[in-house]
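Peer 1: Construct the entire structure; sequences and hints are all you get.
2 protein chains.
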Amino acid sequence: PNKFCDKTMEIARKTKKLGQDDPRRIVHALKVGLAITLVSLFYYFEPLYDSFGDSAMWAVLTVVLVSEFSVGATLGKGLNRVLATLVAAALGTGAHHLATLSGRKGEPILVATFVFIIAAITTFMRFFPKVKARYDYGMMIFILTFCLVSVSGYRDDQVLKMARERFSTILIGCCASLIVCICIFPVWVGEDLHKSVAANMGKLANFLEAFGDEYFKVSEESNENNKSYLQGYRSVLTSKSSEETMANFARWEPGHGPFGYRHPWKMYLKVGNLTRDCAYKVEALNSYLNSKIQTPAEIRGKIQVPCKSVSLECSRALKEMASTFRNMILTTSAVMHIESSKIAAEELKSLLKTNLWEEADLVEMIPAASVAS
Amino acid sequence: PNKFCDKTMEIARKTKKLGQDDPRRIVHALKVGLAITLVSLFYYFEPLYDSFGDSAMWAVLTVVLVSEFSVGATLGKGLNRVLATLVAAALGTGAHHLATLSGRKGEPILVATFVFIIAAITTFMRFFPKVKARYDYGMMIFILTFCLVSVSGYRDDQVLKMARERFSTILIGCCASLIVCICIFPVWVGEDLHKSVAANMGKLANFLEAFGDEYFKVSEESNENNKSYLQGYRSVLTSKSSEETMANFARWEPGHGPFGYRHPWKMYLKVGNLTRDCAYKVEALNSYLNSKIQTPAEIRGKIQVPCKSVSLECSRALKEMASTFRNMILTTSAVMHIESSKIAAEELKSLLKTNLWEEADLVEMIPAASVAS
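Those protein sequence lines, which keep their order, are chains A and B. Going by my numbering, the first sequence opens with residue 14, and the numbers climb by one from there. Going by my numbering, the second sequence opens with residue 14, and the numbers climb by one from there.
Some hints here could point you the wrong way.
Claimed, not checked - In silico lysine-lysine, DSS-like type, Cα no more than 30 angstroms apart, as pairs:
| id | chain 1 | residue 1 | chain 2 | residue 2 |
| --- | --- | --- | --- | --- |
| 1 | B | K145 | B | K208 |
| 2 | A | K16 | B | K143 |
| 3 | B | K208 | B | K332 |
| 4 | B | K253 | A | K27 |
| 5 | A | K30 | B | K143 |
| 6 | B | K29 | A | K145 |
| 7 | B | K208 | B | K143 |
| 8 | A | K20 | B | K208 |
| 9 | A | K279 | A | K143 |
| 10 | A | K118 | A | K30 |
| 11 | B | K332 | A | K253 |
| 12 | A | K16 | A | K30 |
| 13 | A | K145 | B | K253 |
| 14 | B | K145 | A | K279 |
| 15 | B | K16 | B | K29 |
| 16 | A | K20 | B | K145 |
| 17 | B | K16 | A | K279 |
| 18 | B | K279 | A | K30 |
| 19 | B | K143 | A | K253 |
| 20 | B | K29 | B | K143 |
| 21 | B | K145 | A | K253 |
| 22 | B | K29 | B | K279 |
| 23 | B | K283 | A | K283 |
| 24 | B | K283 | B | K208 |
| 25 | B | K145 | A | K143 |
| 26 | A | K143 | A | K283 |
What the hints assert, rightly or not - Beyond 12 angstroms from chain A on every Cβ pair, some chain B residues (computed):
| id | residue |
| --- | --- |
| 27 | R38 |
| 28 | V100 |
| 29 | T106 |
| 30 | M153 |
| 31 | L161 |
| 32 | K174 |
| 33 | S181 |
| 34 | E204 |
| 35 | K208 |
| 36 | P271 |
| 37 | F272 |
| 38 | K279 |
| 39 | K283 |
If you're looking for bench data, these hints aren't it; they were derived computationally from the structure. Treat the numbers as computed from the prediction; the structure is a model and nothing was measured. Ideal Cβ placement from N, Cα and C applies to all residues, glycine included.
Peer 2: If you want it as C-alpha cells, here you go:
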C-alpha cells in the first residue's frame, strides 16, 4: 500500500509539472472536451438529428480525430480529412456505379479489384517523403472513405446519400474543432517554432559565455549557474526533427500577428541547421573541458585573454542575433557585435600560430551566425 | 505540355527509385491491398454479413487504420485499438446506464458532462511523454469509442449490442491485418534498428579511414570515393528521433530470429547515443579539413605518421565493433583492435605535448566505442 501511495504521489507531481511547464496544455484539454460536447448536441436536439440521422456520429468522431494542440496541426488534419473524403466519396460512388453495370454476380469481384488497386497505390504513395510529411493522414482517410462508400454500396443502394451525409458531417466536425481551436486561446505552432529557434541561439550564447570562465578557471570550485549553462546546449543537438514537424504544421496556418500567410518557414529550417552546426562545434569545445589531457598552464596563460574575449564576443554576437531574430528587426548593435567578435578572433589568430585548433571553431562559428541573421 | 511531360517523368523516376531502394515498400502496398480486400469479403457473403450487419464496415476501417509498414507498428496500433475499445465500450455502457437513471430530461446533460470530463482528462494524459510514445493512438480511440457508445445510447437502446459488435469487428480487423503483416514477408522493425545502429558505426569508421589520407594529402586532387566517405557520417548526427521511434515499435514485437521477446531495445538507444557522440567529434574533425587556417607543413609532417595510424586504428576498431554488433558475437579481434588503437593514440600523445587538440578527440572516442561493445 505504501508503494502504491508513492506511485500515486509521483504521478500527481508529474501531472502538476506538466501543467505548470505549459499551462496551454490544460487549456487544450478543456478545449477538446468543449468541442466534443458541443458537437454531440447534434445528437440530442430533435431538429438537428432529423437532418443527419445516425451520420451525426461522424461529426463527433471527426472532432476527436482532428483536434490537435496547435492551430497548424488541426488545420492540416482537417483539410486533409475534408479533401480526402470529398475525392474518395466521388471516386467511390463512381466505382460503385461502374460495378453495378456488371450485374449482381460481377459486382463484388469488380469492387474488390478496385479496392485492391486503390489501396495498394495509395499505400505506396505514402512512402514519398513529401507526401508523408504533409498528406499522410489524408491518404489514409482516402482509402478509408473509398472502401466505405464502394463496398457498402453492395448492401445499401443509397450510396449517393451516404457519401453526401458523410462528407457534410465531417465538414461540420472539422469546422467545429477549428472554431474552438482558433477562437479560444489559439496555439500558433509558427510562433513556437520562431521562439524555439531563437531560444536555441540563446542557449549556445550562454554556453560560450560560461565556457571562457570555466576553461580558464583557476580554482576548482565552479558555480552552479555555469554548470547549467554548460549543459543547456545539448538539447540543440537533437532539435532537428521537432523543428521539421513544426515547420510542416506552420505552413498550414493562416497569417497571424507578425507572421504573414506565406511566411518563409523553410528559412527557419535553414537557420535551425546553422544553429545546429554551431552546436556541434560547441560540443567539440565542451569535450576540451572534460578532457583529461590539458594544455600546460604556461601556454594556457598566454592565450587566456584573447580566448576569453573571443568566446565572450561570440556569445554577445549570438545573443544579439537571437534578440534580432526574436523581434525581426536588424539592429546595428548586432552587426557591431559580429564585427567585434571577428576582430577578437583575428587578434587571437595573430597571437598564436601553433596552437590553432581551438579558435578555428570559433572563427567558423561567425560566418554561420552571420548568415543566420 | 512539355513541362507536364517532364513532371510526369520525374515522378516516374522517383517512384522507381523508392521501389528499388527498398522493395519491401512494394510488397507492403500489396499486402495492405490484400488485407482490405479479404476483410471486405465479410460484406459480400450472406452468412458472414448476417452475423455482423453494418458493423462489418468497422472491420474494414480497422484494417485501413492499423496496417503499418513494420510488424511492431502494426501490433502496437492493433493492441492499442483493441484494448482502448474494450475499456471505452465498457465505460461508455456504464455511463449510459447511469445517465438513464436520471430520466429522459436529465440524460443528455449527464452524458454530456461525462463526455466532457473523460475527453479533457484523456487529452491531457496524452501530453505525458511515456503515454505519447506508446499509447497515443489508444488514447484517441478511447475517447472516440466512449463518445460513440455513450452518446448514441440516447437514440439507440441496444447499447450493449452495439458495444459488443464494435468490439468484435475491430478484433477481426486487427487479427486480419496482423496475420497478413506477419505471414507475408514480415518487416521486423527491431531488425531494422539493429542494422541501422551497426551501419552508423560503419559510416564513422569509413570517415576515419578516409580522414587520415585526406588531411595529410600532398597533392590537391582527391578521389571521389573518399569524398563520399567523408560525407556519409552526416546522417548519423540526426538519427536520434528515428532510432527512438524504431525502439518504441520494436518493443511490441514478439521474439523472432536472434531477437528474444524481451530483447534489450533500450540498450540500442544507448549505443546509438554513444555513436552519435562519436559523430559529433567526427564533425569537429571534419571542420579541420575545411578550415582555412592550416597547421604549418613542418608541424604537420612531424605528426603525420602517428596521426594517420591513430585514425586508421580507430577506424578498424569501429569496423570490428560494427561487425561484432551485427553478428552479436564478441570476437577477440575486436578487443585487439581497440587495444591497438589505444596504443597508437598513446604513441601520438607522447610525441606531442603542445599540439594536443586533435587526438584528444580520438582518445575520447575509444572509451565510447569500448562501452558500446
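Peer 1: Taking C-beta pairs only, is F272(B) more than 12 angstroms away from all of chain A?
Peer 2: The claim stands: F272(B) keeps its Cβ more than 12 angstroms from every Cβ of chain A (closest is about 25 angstroms).
Peer 1: Taking 30 angstroms as the top limit, are the C-alpha atoms of K16(B) and K279(A) close enough?
Peer 2: holds, 25 angstroms
Peer 1: The output says P271(B) does not contact chain A. Does that hold with a beta carbon cutoff of 12 angstroms?
Peer 2: Label holds. Min Cβ-Cβ 28 angstroms, cutoff 12 angstroms.
Peer 1: Holds or violated: K145(B) and K279(A), Cα atoms, limit 30 angstroms.
Peer 2: Roughly 27 angstroms between the alpha carbons, so the hint for K145(B) and K279(A) holds.
Peer 1: Holds or violated: K208(B) with K143(B), Cα cutoff 30 angstroms?
Peer 2: holds, 25 angstroms
Peer 1: Between K145(B) and K253(A), does the CA-CA distance stay at or below 30 angstroms?
Peer 2: Holds: K145(B) and K253(A) sit about 19 angstroms apart, inside 30 angstroms.
Peer 1: Please work out if K283(B) and K208(B) have their alpha carbons no farther apart than 30 angstroms.
Peer 2: With Cα atoms ~15 angstroms apart, K283(B) and K208(B) stay inside 30 angstroms; holds.
Peer 1: Taking 30 angstroms as the top limit, are the C-alpha atoms of K283(B) and K283(A) close enough?
Peer 2: Holds: K283(B) and K283(A) sit about 29 angstroms apart, inside 30 angstroms.
Peer 1: Against chain A, does V100(B) keep a CB gap of more than 12 angstroms to every residue?
Peer 2: The claim stands: V100(B) keeps its Cβ more than 12 angstroms from every Cβ of chain A (closest is about 16 angstroms).
Peer 1: Checking one constraint from the list: CA of K29(B) to CA of K143(B), max 30 angstroms. Satisfied?
Peer 2: violated, 38 angstroms
Peer 1: Verify the proposed pairing of K279(B) with K30(A), using a straight-line Cα cut of 30 angstroms.
Peer 2: Holds. K279(B) to K30(A) sits at ~25 angstroms (cutoff 30 angstroms).
Peer 1: K16(A) and K143(B) were given as a pair; does the straight-line alpha-carbon distance stay at or below 30 angstroms?
Peer 2: The hint holds at about 20 angstroms.
Taken one by one, the earlier hints fail for this structure at numbers 8, 10, 20, 22, 27, 30, 31, listed in ascending order.
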